[in-house]
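Chemist: Please model the complete structure; the sequences and the hints are all you need to start from.
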Amino acid sequence: MSDRILVDAKNTFCPGPLMELISNMKMAEVGDELELLSTDEGSAADIPEWVNKVGHEIVDSFTEEEVLHIVVKKIK
Amino acid sequence: MSEKINVMLTTENMEQLQMAAMVASVGAVSGNDVSVFLSMNALKYFVKGNDHKAPVEGEMGNVMLEKKVPPFLELFEQAAELGDAKIYPCSMAMDMLEVKSEDLFDYIGEPMGLTKFLSDVNQGQVWSF
Chain R
1 MSDRILVDAK NTFCPGPLME LISNMKMAEV GDELELLSTD EGSAADIPEW VNKVGHEIVD
61 SFTEEEVLHI VVKKIK
Chain Y
77 MSEKINVMLT TENMEQLQMA AMVASVGAVS GNDVSVFLSM NALKYFVKGN DHKAPVEGEM
137 GNVMLEKKVP PFLELFEQAA ELGDAKIYPC SMAMDMLEVK SEDLFDYIGE PMGLTKFLSD
197 VNQGQVWSF
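So the protein lines, in turn, are chains R and Y. For the first sequence, the positions run 1 to 76 when the numbering used here is used. For the second sequence, the positions run 77 to 205 when the numbering used here is used.
Note that these hints are calculated values from the structure, not bench results. All residues carry an ideal CB built from backbone N, CA and C; glycine is no exception. A few of these clues could be false.
[To be verified] Quick list of in silico lysine-lysine cross-link-like pairs, PhoX-like style, CA-CA up to 25 Å: (1) R:53 - Y:162; (2) Y:80 - R:76; (3) Y:80 - R:53; (4) Y:144 - R:10; (5) Y:143 - R:10; (6) Y:80 - R:26.
[As the list claims (entries may be wrong)] Have a look at the derived ranges for each label pair, beta carbon to beta carbon: (7) R:49 - Y:80: 16 to 22 Å; (8) Y:147 - R:49: 20 to 26 Å; (9) R:31 - Y:147: 29 to 35 Å; (10) R:27 - Y:182: 18 to 24 Å; (11) Y:109 - R:66: 35 to 41 Å; (12) R:6 - Y:135: 33 to 39 Å; (13) R:55 - Y:196: 25 to 31 Å; (14) R:31 - Y:171: 48 to 54 Å; (15) R:55 - Y:157: 18 to 24 Å; (16) Y:139 - R:66: 18 to 24 Å; (17) Y:172 - R:42: 35 to 41 Å.
Modeler: Pasting the structure below:
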């Protein structure tokens, strides 16, 4: 079973959350899931856009206590 | 689909540097082939050990500094390291400032002349800041 990697990008602004996701993504293994935490509202649209463009997969997305959680699976 | 994105950076102003850094970094990590050409007043920020503070143009610059957005230099470094963007210092600007390649940050590529940059940007988008 793969690990889920927590990427806490709360209180950073565009493109901080995306960059933090990507730097963690580089170190992850194919099949790993990364859970990004963001308080930047643009992330809700931008992160899935990037994930779809480069060919990874959104596993889950939800907001909890005003923090956006996006779970991404590394596909390649 | 991968595209060629060329950024010509000449400003010394914070908001413009920030926007250019965002275009370069997000463009590069999204699988595009990004080249940045550094010239005029932009080059000095890429000299190791410099303590230049980019002047803000307006309200947005102050708000961005207050809210601690990712600094433009950090974004350019990420563009190069995470997205494989190529960042070229203009050879004319280097001559003017009397800086050598080894004076610039390690992620900066070899100096390029305008003629070469113009021939490279023959195809693809050009963004100018």
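Chemist: Taking each numbered hint in turn, which are not upheld by the structure, reported in ascending numerical order?
Modeler: No hint contradicted; all consistent.
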